[in-house]
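Which chain is which? The protein sequence lines are A and B, in order.
Quick note on numbering: my numbering labels position 63 of the first sequence as 63, and the sequence is numbered without any gaps.
Quick note on numbering: my numbering labels position 171 of the second sequence as 171, and the sequence is numbered without any gaps.
Since the hints were derived computationally from the structure, they do not count as laboratory data.
Each residue gets a CB set at the ideal place from its N, CA and C atoms; glycine is no exception.
Watch out, some of these pointers could steer you wrong.
Stated by the list, open to error - So the derived label-pair ranges between C-beta atoms look like this:
| hint | chain 1 | residue 1 | chain 2 | residue 2 | range |
| --- | --- | --- | --- | --- | --- |
| 1 | B | 13 | A | 132 | 36 to 46 Å |
| 2 | B | 110 | A | 125 | 40 to 50 Å |
| 3 | A | 132 | B | 91 | 40 to 50 Å |
| 4 | A | 17 | B | 43 | 54 to 64 Å |
| 5 | A | 19 | B | 13 | 29 to 39 Å |
| 6 | A | 51 | B | 13 | 49 to 59 Å |
| 7 | A | 17 | B | 111 | 19 to 29 Å |
| 8 | B | 79 | A | 86 | 49 to 59 Å |
| 9 | B | 135 | A | 78 | 47 to 57 Å |
| 10 | B | 15 | A | 5 | 44 to 54 Å |
| 11 | A | 19 | B | 77 | 34 to 44 Å |
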Amino acid sequence: MAYSEKVIEHYENPRNVGTLDKNDEHVGTGLVGAPACGDVMRLQIKVSDSGVIEDAKFKTFGCGSAIASSSLATEWLKGKTIDEAEQIKNSMIAEELHLPPVKIHCSVLAEDAIKSAIADFRSKQAAKKALAGQ
Amino acid sequence: MIDPFQTLGVEARFDLDPDDLARRHRDLSRALHPDRYAGAPAAERRLSLSRAIEVNDAFRVLKDPIRRAEALLRRAGVPVGETAEPKPSPDLLMEMMERREELGDARRRKDLAAVHALADAIRLREREVLASMGRQFAVSDPDSTKLAAVLPELGELRYLRRFLDEASAIEEELSS
């Protein structure tokens with residue numbers, strides 16, 4: 001199957017590969033996987049006190065489309081507020097990367113990873129507030 | 001979709017005897033060999049050829065435990081594939097992420113022994129998962145949607161397979 005130029009570009013020069021400290025209260029981590037193909041994707045965001053994503057990192061073991069989808073997602077996340085980040089939809093990723101129908105699930109995985117990183121960040125913040133309120 | 005068990009004329013079960021499977025494939029392939037149909041009418045030649053292709057496809061499916069499990073589930077009406085299966089457990093994802101990172105580190109260090117050791121551990125796991133799946137398939141009614149209980153292990157098996165494919169590519173790269 002032929003990959004689009006944009007997928008190849010992200011695959012060969014992935015942006016923001018790496019790790020953030022998952023124990024940092026400003027960091028949200030999303031770990032998701034696609035059981036049908038054995039892909040695993042970790043996406044992390046670091047959120048400033050004003051609610052802006054100042055850094056994003058990913059690590060994906062999977063096909064080129066999964067790597068490109070998560071690479072693009074981290075690029076888009078940086079500089080966005082949490083609320084803006086929640087608006088990122090898999091269809092936007094699939095469209096940007098020209099993913100064929102059989103690879104749409106890779107962009108779904110990236111959207112799941114974003115949502116799960118945000119959920120992790122929010123639950124950390126809620127836990128912090130609960131602790132402060134005691 | 002054609003039932004590969006029916007095509008090869010073997011019982012629909014997970015624990016297939018690999019020798020028996022290979023024998024069925026060989027016998028059917030011989031019977032359908034184009035040489036036997038050299039003098040036959042064109043329609044019959046075409047039919048035997050398409051049967052031979054079906055037999056080869058079915059053999060490939062049944063030889064592979066992942067595809068064999070998928071075929072059993074489909075027969076029982078359990079949907080398999082991308083969106084139909086339960087999400088992998090966080091523990092499995094965490095573990096596979098760590099193992100894949102260790103594999104990547106071993107590759108960077110060009111540490112072939114470490115790659116072998118990681119692959120051996122995963123192969124052991126693969127055997128355990130296969131045995132457990134065999135037990136589950138054996139106790140369930142083969143036509144029941146209760147077979148869906150095997151899906152998490154099938155997902156795990158795919159993760160292990162992915163790991164082992166990656167490991168053998170690295171082994172090849174490092175030993176050449």
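A quick look at each hint next to the structure:
no.: 1; hint: B/13 <-> A/132: 36 to 46 Å; verdict: 59 Å, violated
no.: 2; hint: B/110 <-> A/125: 40 to 50 Å; verdict: 43 Å, holds
no.: 3; hint: A/132 <-> B/91: 40 to 50 Å; verdict: 31 Å, violated
no.: 4; hint: A/17 <-> B/43: 54 to 64 Å; verdict: 58 Å, holds
no.: 5; hint: A/19 <-> B/13: 29 to 39 Å; verdict: 44 Å, violated
no.: 6; hint: A/51 <-> B/13: 49 to 59 Å; verdict: 56 Å, holds
no.: 7; hint: A/17 <-> B/111: 19 to 29 Å; verdict: 21 Å, holds
no.: 8; hint: B/79 <-> A/86: 49 to 59 Å; verdict: 30 Å, violated
no.: 9; hint: B/135 <-> A/78: 47 to 57 Å; verdict: 49 Å, holds
no.: 10; hint: B/15 <-> A/5: 44 to 54 Å; verdict: 47 Å, holds
no.: 11; hint: A/19 <-> B/77: 34 to 44 Å; verdict: 43 Å, holds
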